[in-house]
Amino acid sequence: MTLELRNRGFVVNHKKVQRLMKVLGLTARIRRKRKYSSYQGEVGKKADNLIQRQFEATKPMQKCYTDVTEFAIPASSQNT
Numbered sequence: 001m002t003l004e005l006r007n008r009g010f011v012v013n014h015k016k017v018q019r020l021m022k023v024l025g026l027t028a029r030i031r032r033k034r035k036y037s038s039y040q041g042e043v044g045k046k047a048d049n050l051i052q053r054q055f056e057a058t059k060p061m062q063k064c065y066t067d068v069t070e071f072a073i074p075a076s077s078q079n080t
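For what it's worth, UniProt numbering labels the leading residue of the sequence shown as 1, then goes sequentially.
Keep in mind the hints are simulated off the structure, nothing from the lab.
Every residue, glycine too, gets a C-beta built ideally from N, C-alpha and C.
Any given hint could be a false lead.
As the list claims (entries may be wrong) - For lysine-lysine, the following DSS-like pairs were computed, each having C-alpha atoms within a straight-line distance of at most 30 Å:
| id | residue 1 | residue 2 |
| --- | --- | --- |
| 1 | Lys46 | Lys59 |
| 2 | Lys35 | Lys45 |
| 3 | Lys46 | Lys35 |
| 4 | Lys16 | Lys35 |
| 5 | Lys63 | Lys45 |
| 6 | Lys33 | Lys46 |
| 7 | Lys33 | Lys15 |
| 8 | Lys22 | Lys46 |
Unchecked claim - Here are the simulated distance ranges between beta carbons:
| id | residue 1 | residue 2 | range |
| --- | --- | --- | --- |
| 9 | Thr69 | Leu20 | 30 to 38 Å |
| 10 | Lys63 | Arg31 | 26 to 34 Å |
| 11 | Gln62 | Ser38 | 34 to 42 Å |
| 12 | Thr2 | Lys46 | 51 to 59 Å |
| 13 | Gly9 | Ser38 | 29 to 37 Å |
| 14 | Tyr65 | Gln40 | 41 to 49 Å |
| 15 | Pro74 | Met1 | 21 to 29 Å |
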């Protein structure tokens, strides 16, 4: 409110504006902060299915597999 008054050419102290707003029963609309999310859609790419469920190999170390699982942990339970 004070900035808008100054932009319109009025020289007024912010405390004066607060007092006048209180007398007139005006309140500022408070915008809620958005929760931060780093997710930006599809991240990475899906690997091709090269194995086609044929898990048996004729030699050791011929086929090696891995898997990644991600899950959220509440911040309050990370007290270690």
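Earlier hints that do not hold, by number: The structure conflicts with hints 4, 6, 8, 9, 10, 13, 14 and 15, although it agrees with all the remaining ones.
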